[in-house]
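A.B. asks: Sequences are here, hints too, so could you generate the full structure?
Quick note, the sequences are listed as chains E and W, same order. The numbers in the first sequence follow my numbering, run straight up by one, and end at 146. The numbers in the second sequence follow my numbering, run straight up by one, and end at 653.
Please note that a few of the clues may not be correct.
Label pairs and their calculated CB-CB ranges [as the list claims (entries may be wrong)]:
1) W:Glu157 to E:Tyr28: 29 to 37 angstroms
2) E:Thr69 to W:Glu157: 38 to 46 angstroms
3) E:Gln116 to W:Gly382: 19 to 27 angstroms
4) E:Asn66 to W:Pro546: 33 to 41 angstroms
5) E:Glu47 to W:Lys544: 46 to 54 angstroms
Derived from the structure by calculation, the hints contain no laboratory data. Glycine residues also receive a C-beta, built at the ideal position from the N, C-alpha and C atoms.
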Amino acid sequence: MTPKRKKRLYIILALVFGVGLIVGLSMYALNQNINLFYSASQIAAGEAPVDKRMRVGGMVVEGSVNRSTDSLKVEFALTDYEHRVNVVFVGILPDLFREGQGIIAQGTMNAAGIFQADEVLAKHDENYMPPEIAETMKKKQIEASQ
Amino acid sequence: MIPELGEFALILALCFSGVLAVIPLYGAATLNVLWMNYAKPLAAAQFTFIAISFVCLGYAFAQDDFSVQYVANHSNSLLPLQFKLSAVWGGHEGSLLLWALILSGWTLAVSLFSRNLPLDILARVLGVMGIIATGFISFLLWTSSPFLRYLPRFPQEGADLNPLLQDFGLIVHPPMLYMGYVGFSVAFSFAIAALLSGRLDASWARWSRPWTNIAWAFLGAGITLGSWWAYYELGWGGWWFWDPVENASLMPWLVGTALLHSLAVTEKRGVFKSWTLLLAIFAFSLSLLGTFLVRSGVLTSVHAFASDPERGLFILILLLLTIGGSLTLYAFKAPNVKSESRFGWLSREMMLLVNNVFLTVMAVTVLLGTLYPLLIDALGAGKISVGPPYFNALFVPIMGLMSIAMGVSIAARWRQTKLDVIKQNLLIPAIVSIIFGLIFPFIYGDGFNFKVTFGMTVSLWVLATVFSEFKAKFRNAPNIMTKITQLPASYYGMMLAHIGVAVMAIGITIVSMYSEERDMRMAIGDSIELSGYQFTFKGTLPIKGPNFTADQGTLVVSYEGETVAILHPEKRHYTAKRSMMTEASIDAGLFRDLYVALGEPLADGAWAVRVHFKPFVRWIWLGGLLMALGGIITVFDKRYRAAKPANLEVKHA
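C.D. replies: As structure tokens, this is what we get:
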């Protein structure tokens, strides 16, 4: 091998090694940090694991929002118009959090079947429905029509 | 009548860009001088008619012409005038029109500042930009015309602009960002023109460098403004969310950063040519991808734009044509490219290559995290989202490694550097930065913290290497003043941008590690202490704005008994959209921000209140602006003086 080729070989080997390392690390980081989405029905069916970070989406049930009087604790229920899941959150809700509005909550499920949210996301569009919920509801309609 | 005029002008502009896409390119291929000469007037005509169209839309907004659907959906008679005008790009259709306007502005600028460019290259560059313009104006006219009417019955009052967008940030953020996105089309067109002509010498790198630098500077400034806007307007004090839309703008910036370094090597040393071409293609492709991601609504994001699958499909086709076409051309032409010089292991070329690899890896990381949910969904494997921990876990270490390489590359010389020279130049900065990094958490914080030490060491390393290199320039200079004026503008630009990186890194480190945040239920008279600052809640009063009503709270902040600031956060209710908005109140400072936002009213006049203490947060944006400023300064370098590319674009913004 000429020195020039040898140098090129080293560069290519280093690149392959580097890229492999980075892809490996990325995939590892990705697997550690993805949040699966569950609907209320999936949770009711017991599909959701306990104490693992996940997202739950649904419409806030009318009349279910209950604020504590002495702290920032809020309880509310989410529905996909079939099942309900109870959510507890401590903190300030986003401006567009309203009863009847579609939201996504991020957090963990506890053993009692109550979702402990550490983040609540609502969208800045009053007609917005999270795509996940829209899809679950579309599926429901199709099943209902069959 | 005026809106129809706008639509008509847009159709005429499409005709001109269609001709621009064909005639000059054909002329360049057949060496027909007359046809190549058509490029300049066509570029001017295209710009003129898009500008007319844009002014027509602005006029419709100013006149509250609610028979125009776009105006009715994004304006209101009570909206202040400056927001009526910025509402022109407050929605999908108008922002695309702005895209087209800026694209034609860049095209015109290239045609005006190109006296030293060979005619065939100019014709090809303008022709390629004409092809892009044809695609985008067709997209505008067929799927998203802003001039559609509600006729014969139209609403008496408009639906109002999204309250989040009624802000100074929105007036400047999108045009800046688009200047950057679209500016990469110039670098892209130069690359394609070079591939078409087969003349891949250092000169094409010199021609496209100023354009790339200035587009990169605008993109950086746009992202910085966006981050600042999110910080004060979204009401939860974050400055970066790893939201898909933010990622969409970060990816072209990262690849653009790689591109401008690679262009420097190509111009100076004649190596990395094909790599540079590839980066130019990808920088623009990622800009298009960003537009696709934002406009098609395929991703869940805080930027909930009304989306439409038909529009998404159109941009996707445009994207595939651009990437597919340019990569095919690249595959045919790039193998002929020859390097003009060699370099050793320890050389500036090698260090810049390392920098390029890091930047590309970061862009790929962001791309992966952004598209992974889409991929999983398309495979039917469930709905997922990728959170900030993923991005932070990968970004922070790569950023750190890259900053270390940055310091070395500044000390390295072209071709080959002796190890002794590097050691000699870097020893002191290394010692200084490590000592500073170790001491800092003890002085500023309350004990050792590895993350802080890492962040501060790396930041100071970048600063120290920049200053030691600057000092080394004067080692043999007889007269310091003459030397200062002799150094080229591009050198100062580079130094400033690198200082910007360090300033931003300092800001990110400190604000991430030492911020304090508390959400509290506060009754009138309640107070809370955060980092030594005492926040006392004095209750709220109802106030009335032009198109909203609000509850305005009062919080008195004191430090060691002395009043530092009186903050007035608001909870606004916008009447037309019937939506609530949090207006945070901030006492800004170079070393700390005090940030207060109102949550919701609770019983007995008490409120949920969010209080933040944000040290050094301004440094993040200061760093971003320094980088952008550095990019702009490089354009004033004497080497580009004959071309004078910098002056016009600013006016077109």
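A.B. asks: Take the hints in turn and mark each one as holding or not.
C.D. replies: A quick look at each hint next to the structure:
{"no.": "1", "hint": "W:Glu157 to E:Tyr28: 29 to 37 angstroms", "in the structure": "violated, 55 angstroms"}
{"no.": "2", "hint": "E:Thr69 to W:Glu157: 38 to 46 angstroms", "in the structure": "holds, 40 angstroms"}
{"no.": "3", "hint": "E:Gln116 to W:Gly382: 19 to 27 angstroms", "in the structure": "holds, 22 angstroms"}
{"no.": "4", "hint": "E:Asn66 to W:Pro546: 33 to 41 angstroms", "in the structure": "holds, 36 angstroms"}
{"no.": "5", "hint": "E:Glu47 to W:Lys544: 46 to 54 angstroms", "in the structure": "holds, 50 angstroms"}
Consistency note: the structure conflicts with earlier hint 1 alone.
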